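Engineer: Sequence:
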Amino acid sequence: VTWQERNLGTFIASGDTLVIHSGFPGTFTAQYKDTITSNWFFSQNSIEITNPIPFIGDDKNIIIVCPSETTNISNLYNTSNLTTLWDIPNPTSASLGVHRLIVTNSYGCKDTATITVKQDIQTWLGSISNDWHDPFNWSGNHVPNDSTHVIIGSTPYPCIIKDNDAFASSINAKPGSIFQVINNRKSFVRSNCNSLPIVGDLASISTSAIGNISSINATGGGTIDSIGGTSVIARGICWNTNPHPTIANRKTSNSIGTGIFTSSLSGLVANTIYYVRAYATNAAGTNYGNEILFKTLPAPTKDIDGNQYSVINICNQTWTAKNLEVARYRNGDTIPHVQDPVAWQALSSGAWCYSVRR
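With our numbering, the residue at position 241 of the sequence shown is 241, and numbering never jumps.
Please note: incorrect hints may appear among the correct ones.
Said to hold, decoys possible - Within a straight-line C-alpha distance of at most 25 Å, the following computed SDA-like cross-link-like pairs (lysine to any residue) qualify: (1) 322 - 335; (2) 295 - 212; (3) 251 - 264; (4) 302 - 215; (5) 302 - 325; (6) 302 - 319; (7) 302 - 330; (8) 295 - 250; (9) 302 - 313; (10) 251 - 293; (11) 251 - 330; (12) 251 - 266; (13) 295 - 318; (14) 251 - 208; (15) 295 - 283; (16) 302 - 281; (17) 251 - 231; (18) 295 - 313; (19) 251 - 294; (20) 295 - 253; (21) 295 - 271; (22) 322 - 305.
Unchecked claim - Label pairs and their computed distance ranges (CB to CB): (23) 283 - 309: 48 to 58 Å; (24) 217 - 255: 12 to 22 Å; (25) 135 - 323: 43 to 53 Å; (26) 315 - 230: 12 to 22 Å; (27) 291 - 323: 35 to 45 Å.
Keep in mind the hints are simulated off the structure, nothing from the lab. Given the structure is predicted, the values throughout are model-derived calculations rather than measurements. Beta carbons: idealized from backbone N, C-alpha and C, even for Gly.
Build out the structure end to end from the sequences listed, making use of the hints.
Structural biologist: Written out as structure tokens, the structure is:
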């Protein structure tokens, strides 16, 4: 029994092994060849499919393990090369597993092939970027491996096809396309994909360190190392309180160009952790730099007299940006102003004075 591909279905045919993927349609050809030069004769119960659920067929129809799927093998009597078409309209999870197809000829000789129904399809989410290698862009947070089928959904980041390119970082396809990953390379075969035109590479960008951090503002930026295939039409930084910010979150828009650029983050919340990435957009799409996180400073405090004190971080410690100016305790009592050095030395309670620089 030799499996042969009939059309672009979602299956893998190799010798006597056939792999079908649950949930997707496909049509394939089963070709029976007599290895001992005798004719195959399909009599009652001469073909069966077993494991995990046995099915017995006759010379007219075989009921496959997938619900509502049948195979018509009529008119196959007394011929040395028998070919029949099996249509798999919609394999389901009930069909998962390895099944044996056993064919018996008129001499009682048997030939066996296997049918494997798998469910290793992953969906491209593209929710983070169009980076193929980022697990957060895939269902289950897992980058597809060898022989995994990929379905492209409706995503914020379309993909770019680069056949046989082991180092490509992105794919490009219209929503609904189905691919197969071969040898861990993005060789997309047996696909119903209508690919978009290749428009070049994404821009290469890195994120700069965050500085000038206050309770509500900070400064960031990035460096465009390469424009990719076309000119950069937008660049800036984006940030969010969750990892992997995108341009759908808060962002800045710098003037177009290459090289180093600086942006200001504003409207931040005090004492909050933020995630920041630089971005650059060209005709191929938007690419992001490395992710950086920082924490805004606590909100300024006020004393009883209404004086406000901002804080700064020095050596991992938080300090007020200026000396205290308060003249009263929290209960409203006045803090004594003592100027005489002798009286100051004799104090046993609080007071204040101006410092003397020498």
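Engineer: Against which earlier hints does the structure fall short, listed by number upward?
Structural biologist: Numbers 11, 15, 16 and 26, in rising order.
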